[in-house]
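K.L.:
Residue strings, one per chain:
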Amino acid sequence: MADNAGTAMRGELRATIEGLLRTCVELERRADDAGHEARKEVDDVARVLVNVRVPGLNDLTDQILAIGGQMETNVVRALSDGRRTYLAEVHELLGLLAPYHGVNVALGPLEPTTIAVRDVDAFANQFPAGFARTYIRDLIASVDGGITLTVDNAGRLRIERVVADQAAIDVLQRNEEEPSVDHRAAAIALLKNESCHAAERHGPQIPKEHQLARLIWLLDPRGENAWRLNSDGSVSTRHWAGARTGGFTSVEALAKPLEALLSVAHESHGDLNEFLNSNLAEEQTRVGIHVSADAAGLVAGDASGYRGTATSTEEMERDWIAARKLAMKNGNTHVYGTNFDPISEGIDPGATVVFKRVGPAWQLVTCFPVDQPHPANIRLEDLE
Amino acid sequence: MPISRNFKAFFSSGFGMATYEPSFYVEACEEAPEMLANDTTGNYRAFRDEFAAHIRDSSFAPPSEGDTQWMTNEWLRNIWYDAFGPEPPPGDPFAVPQEHWGHRRLTDYMVYAVNETPEFSSPGAPAWLEARGLTFADVNAAVELSATQSVGFRSAPEGWLEHLKQLTDRGLREPQPGELPAG
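Read top to bottom, the protein sequences are chains E and A. The numbering used here puts the first residue of the first sequence at 338, with every later residue one more than the last. The numbering used here puts the first residue of the second sequence at 8, with every later residue one more than the last.
Bear in mind the hints are in silico, worked out from the structure with no lab data behind them. Fair warning: there could be bad hints in the mix.
Chain A is faced by these chain E residues, among others (derived, beta-carbon under 8 Å) [as the list claims (entries may be wrong)]:
| hint | residue |
| --- | --- |
| 1 | Gly439 |
| 2 | Ser573 |
| 3 | Arg575 |
| 4 | Trp577 |
| 5 | Leu617 |
| 6 | Ala618 |
| 7 | Glu620 |
| 8 | Thr622 |
| 9 | Val691 |
| 10 | His711 |
| 11 | Pro712 |
| 12 | Ile715 |
For each residue, glycine too, the CB sits at the ideal point set by N, CA and C.
Next up, chain A with everything else stripped away, as it sits in the complex (with noise of 0.2 Å):
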């Protein structure tokens, strides 16, 4: 699926400035409850159901050179869990181990909007961390994992070039730099 103008739109709305405008970020985050809660002219819910497909279907490209489709969807996975919560999207045929969230895998949220306490943290961190079950101690835990500990990283699983090519011939999606040849 082409990414849609109002995929665009939301995308562009925070959630894929996190580098460059973090507080953007986690207030995109932290507001998408309400937005799908009040989203009258359906269009944030399109958005939502987009993000689900783009995920399913690796139909983002990655945003720059260097990047690869299985590191991009990765990203897009935590964004997913950062705006709408631990239940992955609808059809994710890698969908993260529920368990990892905040102990094994960390997120740009967690990162940017939960510090040691929270005096030092967003102001919507409490709520955000309630509704994923977490604590405060278990995001900074995770931070501090040792280096000798093995921690949740992915790599991209066996298969991968195959899957993605069997994506690309039914037409969901663009082949990328790097990947197997069509037909």
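If we strip away everything but chain E, and leave its shape as in the complex, we get (with noise of 0.2 Å):
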């Protein structure tokens, strides 16, 4: 929400951020499984020993099997001695992006506790509550989640040209006449436009792996615009995406919020120019407006895509966004994503169905799933 300024500083803290928990978590895990290594050598040893009958070293066993215990514990506590600097590392960079989410004062002190990251709470709570804490739990609750691609592997990805939500507006069609289904027609007419990209967006026909590129490098799924691996390894696009990508898993499921939409509309204005002309203002041009997942009957499974790790917030999501214009300014970093099904995780599930004014028309311009509306949305149900 706050002003963009620095966004490489802004991106550099949380890209750094990110990086050392990553180390962490993962200096945690060598450190489980050299102790665990360790003392299972000693296991064998002491195994081979238990068979051994010497008059005076009856207690041998017991005690290499205590030096295996002993050395799992020292690797354990030398590592998160070793690991206290990268946490007060982290801690200091918490405290210079405080500012970007409203925290003027200045963060409490680093918590010195040897826990474990993967007991995310507690792990967490070593950090002052608020902005540090939950910036915190969200990081590493993302980290084995966390997936991304390298920029020469999305670069290899192939955008097929062709009018790829042809495809799903097809299968729609054959299924125009099933009884069940109200709207249909018009659902596709809108969908057909020239101007929407709802299927070539947001379509199930899109691999998993362009969702991912384009949440990640930025590839729009639909080719369209200008997308570039530059020699020193950065990457210029004119395609824009926010912290989310993904779309719908079926044709059937694309054309749910649609549907719920134009019910509404011909029910009470019979039509969706009317309908739309009457609850918005003469110079009105654009209009994205909020399907519930209720009112749309859209369930988990309808919707599948990525979304930036920790961006719960609105400030969240601009320092990932920041950290991503910095990866592909640099090209030899990169952001990650996690998986995400927005209807069946988000607070306030549904799609966002997206008009632009043309002339005395109202075209269709995209739909997609959302977690929860944008704040500047209208939602359906509060249309008359």
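Since each chain comes alone in its own frame, lean on the hints to assemble the complex.
P.N.:
Structure (structure tokens):
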């Protein structure tokens, strides 16, 4: 929400914090492995000794087993001591990021504990309550599911510049006569309009990898916007997306919010244009309408995509976007996303249906699933 | 001032949609001069006047939990600049110094619509930049400001909560969570 001044600094802070935390998780995993490995080797030695009966050495097996346990403890302790430096750095960087989140007082101190990162809540509790703790919890929770792809792999993706949504529309058309579905023909007509990119960017035919490439490297799955991997490793693109990409998993799911909206429009005014014109100011030229999952009949599994890690507030989303902007300028770093079903994971899920006024008519521009409506959107149930 | 239906209609017509549909945000900014020029009903001018009043009176409530009134106003100042240019909104008590725009301070339009070259930027970007006395190089340099440099992030000024309380007491705005009690 605040200004984007110093996008580079903001992005560096955000990227560094996540990088340090991921390193902590990785170190802990390796230390655990090393500790277990050491113990297992000692156990093997001890196991051989169990059958050796030497007078005066009866306790030897127990002693050797104790060494194994001690080694494991030592490795883990050494790690958590070494990790303090990382955490102190993370704490300091969070302090620099805090003003972007409306936190204008100094962050509280870092608690000196040796809690394992895998105990997510206890680990986050080392950090001062509020902004810092929430951020740490969100970041740690997304380490395991965090996915990215290299810019070279993104560059290798083939974007088919066919009318990608035609296949989706064909499927809808085949089922047009389905007696249970009202307004399907009208929904198809909206989708078919040239200015509509609902199916091309959010249709079920788009491979998951393309949704990920759109999130991480702003590669347009529609293939329309210029995208170039430069010789210095940086990426130039005209395409833009926020910290969430994805779409509907079936053409029927894509049609659901449109059909729900058309149904309300036809019941009240008999026509979509009449409906929108009577609800909107004369000069309004664009509108985003939130159709709730309940109203649309969207259920878990109807939508799928990715969201940037730790992007639960608008400012966290801006941090992540700044980190992506930096990654695209540098080409040698990347950001992470996690798998996301906005319908099942959302707090007020549904679909945003976006229209644009062209002359006397309203054209559908896009339709995509969301975990919650944008504050600027109008809700379908508020329209008369 | 409560948010009017007219304001809401224009604001939700692209300006408030930067994170969801950036192309709409960019279009809304680029068409603002034309909207003002062809405003036969006066509705768009009324929208602009109310926009300035919300910045002046801190009367646009933070859109989501965790956003403060100060951050919300700063966001609105950026949208104002993106739509209407470098002249600050009338009556803004904390106007952004003009030389900050595009050098120390970046807006959503600059982030979305202005990239390295015109080829990778919005077709309307050259005209938009020219109207504000900026170049592609200016904006790109601002994006690359190094981590060590102090950049134009503005924290709430001294006495901010008292300032808000006065506006609230004068009935210009609704109090928000975390502010000083009325009276």
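K.L.:
Hint by hint, which ones does the structure fall short of?
P.N.:
Checked against the structure, no hint fails, so every one of them is satisfied.
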